[in-house]
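J.: Those protein sequence lines, which keep their order, are chains G and Z.
Its first residue numbered 1, the first sequence is counted upward by one per residue in the working numbering.
Its first residue numbered 1001, the second sequence is counted upward by one per residue in the working numbering.
I should point out that these hints are in silico values taken from the structure, not numbers from a laboratory.
There could be a bad hint or two in this list.
To list a few chain G residues with every Cβ distance to chain Z over 10 angstroms, as calculated [said to hold, decoys possible]: (1) Arg3; (2) Thr6; (3) Glu27; (4) Phe34; (5) Gln68; (6) Glu76; (7) Ser114; (8) Arg116; (9) Glu129.
Once the Cα atoms are required to be at most 20 angstroms apart in a straight line, the calculated EDC-like pairs of lysine to aspartate or glutamate come out as [said to hold, decoys possible]: (10) Lys1184(Z) to Asp1134(Z); (11) Lys56(G) to Asp1134(Z); (12) Lys1183(Z) to Glu36(G); (13) Lys13(G) to Asp1029(Z); (14) Lys1183(Z) to Glu118(G); (15) Lys56(G) to Asp1029(Z); (16) Lys87(G) to Glu118(G).
Ideal Cβ placement from N, Cα and C applies to all residues, glycine included.
Here's the letter readout for the chains.
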Amino acid sequence: MSRDPTDREKLSKLDRAIDDSILEASEADLREDFKEAGDDFEKAVARAGRALEQAKARAARMRFERAQDESKAYREQDNVKSFDLAKARCRFDGMRSGEVAESTMAARKGGKLSERDEENLLKDLAQLEALENEDKVEWEE
Amino acid sequence: MDDISVPPPEVSASATEHLTYDKVASALDGLTPLDLARLDAVERRYLGGTDFAEGDLLQEAMCSALFEEKRCPRITRFIAFLVQSMRNIAGHRRDHLQQQVPIEDVTTGGRKSKFELKASGPSPEDAAIRAEQDRGALEVCAALNSADEEMSMVLLGWENDMRGETLRDFLGVDQARLEYVIKKIRRIARREYPKGWRR
């Protein structure tokens, strides 16, 4: 059984109908509408045109920022892949043997690392290397 | 009050059936001065009860189409899609603002301009807001309906989703007369409710 629409639902329907009538109105009628409301057709066009330009500028900015983020993420990912796992391995071996001064291996009291620990540590070192390289590039720029 | 009887555009379109960024951008570029004037006229009808300045609501609708937050089905007329987006965005904004309560300034006893969000879920305040909106809607319906017989008939037809020929037959008038009555309703609505009937 269908119920009667509420007043709010009725208003929503009226809204859509009035909007439709605006979308279907001729230019002459619309000009008259604006004039009768103390407004101006050309001013309305300019207002909406400004909104359009601002929307386009906002979208362009957003796309640029997204592209920047993606490019940064790609570079980082690429660095992690290629960054010299061999170099990181060298650094790691140095840390393990105590040759590298910044070594934090002491925290583990010389205990043997699991294979997984070692793998993660290598990745961290590689990541660190990439960040250091990036810092260097930014500094040079 | 949101557009409650039509599903939001993003629900009805699958990924392959909606306009992508490039298509939306080109549809925006294709808007004529007449389209822009129409969008301006519609926008002002939904500013009431929101904190959108002139042009902001339209800009939001355009951006949400560009960012594909609201997806325009390929089969939908682009300008009609923007209009529906404006209705929905304004409705959500209005609801959001009504969900905020002013924070009492304890030190001065006055009201700060800051707001905080109320806890989610219906509350007595929500019910009061809803009742107030319904009263407002009732007043508007009554005001429009009392204008004249032909206008009342058109409004009744619209409430029952009538358009075009069906509406013309319902009124028993020709197209020119129907257009005249509709124009009258549109102008009264703009005069009496310049920013729409929502508060």
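J.: Name the hints, by number, that the structure is in violation of.
T.: 2, 3, 4, 10, 11, 13 and 14
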